[in-house]
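Number of protein chains: 2
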Amino acid sequence: MTRTDLHIGLFGFGVVGQGLHAVLARTPGLRARIGRIAVRSRTKPRPLPAELFTFDKNDLLGDPALTVIVELIDDADEAYLIVKEALLRGKAVVTANKKMLAEHLPELIAIQQQTGTPLLYEAAACASLPVIRNLEEYYDTDLLESVEGIINGSTNYILTAMHRDRQPYAEALARAQALGFAESNPALDVEGLDARNKLVLLLAHAFGLVVAPADLLAVGITAISELATAYAREQGLIIKLVAEARRLPGGRLAAGVLPTLVRPGHELAQVHDEFNGLITQSTFADRQFFLGRGAGAFPTASAVLSDLSALTYGYRYGYKKIQQNAHLALAPDAAEVEVLVTFDEANAPAEADFSAVHEQFRSAQRGNYLTGTIGLGQLARAAWLRRPGVSVVRLAGPLRATMAP
Amino acid sequence: MTRTDLHIGLFGFGVVGQGLHAVLARTPGLRARIGRIAVRSRTKPRPLPAELFTFDKNDLLGDPALTVIVELIDDADEAYLIVKEALLRGKAVVTANKKMLAEHLPELIAIQQQTGTPLLYEAAACASLPVIRNLEEYYDTDLLESVEGIINGSTNYILTAMHRDRQPYAEALARAQALGFAESNPALDVEGLDARNKLVLLLAHAFGLVVAPADLLAVGITAISELATAYAREQGLIIKLVAEARRLPGGRLAAGVLPTLVRPGHELAQVHDEFNGLITQSTFADRQFFLGRGAGAFPTASAVLSDLSALTYGYRYGYKKIQQNAHLALAPDAAEVEVLVTFDEANAPAEADFSAVHEQFRSAQRGNYLTGTIGLGQLARAAWLRRPGVSVVRLAGPLRATMAP
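So the sequence lines, in the order shown, correspond to chains G and F.
Here our numbering is used: the first residue of the first sequence is 1158, the next is one more, and so on.
Here our numbering is used: the first residue of the second sequence is 1158, the next is one more, and so on.
No wet-lab data here; the hints were simulated from the structure.
Fair warning: there could be bad hints in the mix.
Any copy will do: because identical chains look the same in the list, a pair fits if it lies in one copy or spans two.
[Claimed, not checked] When the alpha-carbon atoms are kept at most 20 Å apart in a straight line, the in silico SDA-like pairs for lysine to any residue are as follows:
(1) Lys1477 <-> Asp1162
(2) Lys1214 <-> Gly1192
(3) Lys1477 <-> Gly1186
(4) Lys1241 <-> Ser1520
(5) Lys1477 <-> Asp1372
(6) Lys1241 <-> Asp1220
(7) Lys1477 <-> Arg1183
(8) Lys1477 <-> Thr1184
(9) Lys1477 <-> Arg1188
(10) Lys1477 <-> His1178
(11) Lys1214 <-> Ala1503
(12) Lys1241 <-> Gly1393
(13) Lys1201 <-> Arg1246
(14) Lys1241 <-> Pro1206
In isolation and in its complexed conformation, chain G is listed as follows:
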C-alpha cells in the first residue's frame, strides 16, 4: 500500500495548533509536514520562525503544494469559509471546529459528495476518543439504539470540581479556562451548546440523521440551583451534563442535552474532570462504554493526527447511514423525560405542561421543586424553562417513548 505524503496548511496556532506541531515532530512514521501557518494576530510572539507564518488565508488556500488544510481556529464563521473554499479547491481538510460543522453539516456533506474531497473531524467530538470513525465504520450494520454520554470536557471539569471538591461554580469555571479546557466563549460550554453541536455530529454518524443544532433541546449547567444540588446530594446522586440520542419505535428519534442525575454505580459517574464518556447501546453488541480525555491540547491533537494518518490511506467518511436510515426522523413530541424542576415563587412551571406530576415541595426558606414527567418537545417549548430562577435537571432514566403519542 502506498501512503501519500501530506503537505499541510495549518489555520490557527493556539493551544491545539501548537499541540499538533509538537506531536507531528514526534511522529516521524507519518510523512506529514506543516508547510505554512495562517494566524490572525500580527503581534503575538511565536515560538517558530516568522517565515512559516502568514496573515493571508489565500497564501494557504491558493498554494497548490499544500494538499491538506488543518483548520484549528476559533471563529466558526471564518472557519466555514476556509473549509468550504479548501474542499472546493480539492484540498483534503481536517477540522476540530464542532460549531462550524454542526451549523453547516448538510452543505459540507454535499460538497464532499460532489467533489470527492475528504473532510475529517474526529477531534470535533470527544477529542481523543475515536467516536466518529467507530460510529461510521464499526457500528454501521449493528442496530444502534442509543448513544449517550458526557461529551463536553469543560462542564464535566466544572461539575466534578463542584461535586467532589465543593468548589463554587465561578472558581471551577475560571480553573477550566486557565487549563485550556473551556471554549474561548464559555457560554458555548456552560449553556450546553458545545455538547449540542457535538450531538449533531453523533446523530449524523450514529443514525444518519442530519439536523440543525436548534432542532435539539439544550439545557446547560448555569441555572442549576442550590436546591437541585442539595436534592442530588440527599439522594446520593451526581449531576452530569448528558447528551443523548435514542431511537424510539416507529422510526422516530429523540435527542437532547440535559443536566442529569446519575447514580454512583453508573458508567457516567466514573467520568471525572475533563474526561468524556460515551455509552452505545446496540441490538447485538449490547452496551459499550468509551472513556477518555475530552479536552486539552495533546488529546485533541492526537485525534487530528489520526485523521491525518487516515488521509494518507485515502480514508473518507461514507455517510452510509444517511441513505440506509432515510426513514428516521427527529420527533421530540414522541419522547418524554422525568425531570426535577426547582423554581422561585414568581416563576413556577405550568403544571399543565406535565403529563404527570409526582412530587411537589414548597418552602419559603429552601425554595420550591416539583418532579414529574414531561414531553421533550413540550419542555423545549415551555416559556418557563428559560426564566431566571428556574432550574431543570433530568432524573435518572433514558428518554422514552410517550405513552399516548
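Fit chain F to the given chain G structure using the hints.
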C-alpha cells in the same frame, strides 16, 4: 462507493454461528447471505433446511460462488487448514478463532501479504469491542505505551461470581459454561491461555510485535488460594485476570497474563460478569478505557458482522506497525513485577529468585505468603510457579523496567 455483495461459506453452526445467522437476517443493509454451512455432526438437529448444510469442507472451499469464508469452528487445527486454504484460493476470511490465530500469526500475515487476500478477526479479541481495528487504524501514529485489560469473559464471569456473589469456583465455572461464555475446553480460559492468545493479537496490532503464545507468561485463576482471596478481601482489593503489554525504555516490551489485585476505584474494577475492559495509554491521547461484552453469541456475531461490512468496502489490516516498530523486542528479563505468593510448607518459592522480599507470613493454620519483587522472566522460569499449592497474584502496579538490567 460501490459495495461488494458477499456470498458466505460458513464453517461451524454453534452458538456464534447461529448468532451470526440470526443477526444477518436482521441487517438487510449489508448485502450478505450465507450460501452454505459446513458442520461436523451428521446427527445434530438443525433449525435450517438440510440442503444448506454439508459435511465436506471442499464443498465450501471449492465453490467459486462463495467469495467469503466465515470460520467459527472450535477445533483450532482444523480451522488453520481451512483458513489457510481459503486465503490461498483468494477467498476473504473472517474468523473468531484466537487460538488458531495466535499459533499461526506469522504465516497467516505472510499469506495475506503474498496474496492480498484479507483475513479479519475483530471477534477474536474482546468480542464486540472494536479493539483490533482501533489499534490498527486509530492508534497507528500516537505512541502507545501500554495496553492492559480484562480480555477473557469467562474468567471474569467466574471471578465476579466468586467475589460479589461469594459463589464457589466450581459452581461459577459451571454457570459460565452453561451460559456459553466458556471455551469448550475450559482449561483455555481458566489457565489464562485464551487471554494469552488474545494478547498475542493485541501485541501485533498495538505494537507490531509478532510473538508465539509460549513466549508470554500466563498464570490462570485455578491456583488462586483461599489465603490469596482473604488477603485481597482484607485489603479491600478485587482479583481480576489482567493481560498487559507495556513498552519499556530502549525498545523493549514486556507482556503477560496474571491474576491481579485491583483497587475498587480502578477502571478494571468496573468490569463485571462476562464483560471485557481494555485500557490504552498513549503519549498524546493519554489514558482511554473501553468496556463491552467479551463473550456471548450476539456480541461475538456483531463483531463478525462488522468485519463482513468492512470487507464490502475492501478493508484489510495493513500490519503497518510491524515495519514501523521493527526495533521493538520482547524482553521479559527487563521487566519486574510485585507479587503475592501463597504456598504450603512443601512448596516454598525460592527467595533467591526475588530481587526484593517485602513481607513474609507463616501460619500453620492459615497458610504462608510472601510479597516481593521478581523479574518477569525469572517468574516465568521458576519451577515453584507451577507446583500445586502455590498461588501467584500480582499486586497493584504495572509491569515496570527492572532497576538493574
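How the hints compare with the structure:
no.: 1; hint: Lys1477 <-> Asp1162; result: between (28 Å within a copy, 16 Å between copies)
no.: 2; hint: Lys1214 <-> Gly1192; result: within (13 Å within a copy, 56 Å between copies)
no.: 3; hint: Lys1477 <-> Gly1186; result: between (31 Å within a copy, 10 Å between copies)
no.: 4; hint: Lys1241 <-> Ser1520; result: neither (55 Å within a copy, 75 Å between copies)
no.: 5; hint: Lys1477 <-> Asp1372; result: neither (22 Å within a copy, 43 Å between copies)
no.: 6; hint: Lys1241 <-> Asp1220; result: within (16 Å within a copy, 49 Å between copies)
no.: 7; hint: Lys1477 <-> Arg1183; result: between (35 Å within a copy, 17 Å between copies)
no.: 8; hint: Lys1477 <-> Thr1184; result: between (32 Å within a copy, 14 Å between copies)
no.: 9; hint: Lys1477 <-> Arg1188; result: between (29 Å within a copy, 13 Å between copies)
no.: 10; hint: Lys1477 <-> His1178; result: neither (33 Å within a copy, 23 Å between copies)
no.: 11; hint: Lys1214 <-> Ala1503; result: neither (52 Å within a copy, 78 Å between copies)
no.: 12; hint: Lys1241 <-> Gly1393; result: neither (48 Å within a copy, 57 Å between copies)
no.: 13; hint: Lys1201 <-> Arg1246; result: neither (30 Å within a copy, 62 Å between copies)
no.: 14; hint: Lys1241 <-> Pro1206; result: neither (29 Å within a copy, 55 Å between copies)
The structure fails hints 4, 5, 10, 11, 12, 13, 14 (numbered hints given earlier, in ascending order).
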